[in-house]
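**Student:** For reference, the chains in residue letters:
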Amino acid sequence: EAGVTQFPSHSVIEKGQTVTLRCDPISGHDNLYWYRRVMGKEIKFLLHFVKESKQDESGMPNNRFLAERTGGTYSTLKVQPAELEDSGVYFCASSQGVSLSTDTQYFGPGTRLTVL
Amino acid sequence: AQSVSQHNHHVILSEAASLELGCNYSYGGTVNLFWYVQYPGQHLQLLLKYFSGDPLVKGIKGFEAEFIKSKFSFNLRKPSVQWSDTAEYFCAVSGGSTLGRLYFGRGTQLTVWP
Chain A
1 EAGVTQFPSH SVIEKGQTVT LRCDPISGHD NLYWYRRVMG KEIKFLLHFV
51 KESKQDESGM PNNRFLAERT GGTYSTLKVQ PAELEDSGVY FCASSQGVSL
101 STDTQYFGPG TRLTVL
Chain B
1 AQSVSQHNHH VILSEAASLE LGCNYSYGGT VNLFWYVQYP GQHLQLLLKY
51 FSGDPLVKGI KGFEAEFIKS KFSFNLRKPS VQWSDTAEYF CAVSGGSTLG
101 RLYFGRGTQL TVWP
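One line per chain: the protein sequences are A and B, in this order. Counting with my numbering, you get residues 1 to 116 for the letters of the first sequence. Counting with my numbering, you get residues 1 to 114 for the letters of the second sequence.
Incorrect hints may appear among the rest.
Stated by the list, open to error - List of simulated lysine-lysine pairs, DSSO-like, C-alpha gap at most 30 Å:
1. B:49 <-> A:41
2. A:41 <-> A:78
3. B:71 <-> B:49
4. B:61 <-> B:49
5. A:78 <-> A:54
6. A:41 <-> A:54
7. B:58 <-> B:71
8. B:78 <-> B:49
9. B:49 <-> A:54
10. B:78 <-> A:51
11. A:44 <-> B:69
12. B:69 <-> B:49
13. A:41 <-> B:58
14. B:69 <-> B:58
15. A:78 <-> A:44
16. A:41 <-> B:71
17. A:41 <-> B:78
18. A:44 <-> B:58
19. A:78 <-> A:51
20. B:49 <-> A:44
21. A:41 <-> B:61
22. B:69 <-> A:41
Since the hints were derived computationally from the structure, they do not count as laboratory data. Every value quoted in this text rests on a predicted model; they were computed, and no experiment measured them.
All chains should be built: construct the whole structure from the sequences, respecting the hints.
**Tutor:** Structure (structure tokens):
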């Protein structure tokens, strides 16, 4: 069974540009999560999709970030325009159910974003 | 809001040494507790989790963790580490109304010398 995949693995852009990150969850997983780790800090929750609906987007830092999950399959996270403080590793995770006592969140390899 | 503290940022051990990584969380309600591990070049993967029952939880690769509710702690232990345990370890918690959302600590980098 294929795991969670993310594309690209690395992205280097200049401040003010736009970047789109993609996440393909494990097939059949309705729940998809985005997290971000800024260097040296904790991994922070960004948002949670259940199928194509945003269940919880309280962790999104500001309106420069837009996440979509059309059709309830893969998800994209767009940053427009990118700022220096957006640099970090963006992780995607998926799970079949939402209850973490019975379900596990499986993480992708992450996308390392560097904004110059 | 929930938060997680991992007190050790970098731990260096020799093979066969015993390991204990500290994790404390702040949340007064019912929680699920996790340890994730990221080996060099690999994905974050679940090492073990606690959600109810026996507070001593056993995970993969000989790791275990003990939930002590009175101390809000969930420390990770292994009696004898191996070089292959070199990785970054993350403690995480979920619970309450933010179902599904994980709150992570800053991570502890473990380096094991052969």
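**Student:** Hint compliance check: list the failing hint numbers for this structure, sorted ascending.
**Tutor:** Going through the list in order, the structure violates hint 10 alone and respects the others.
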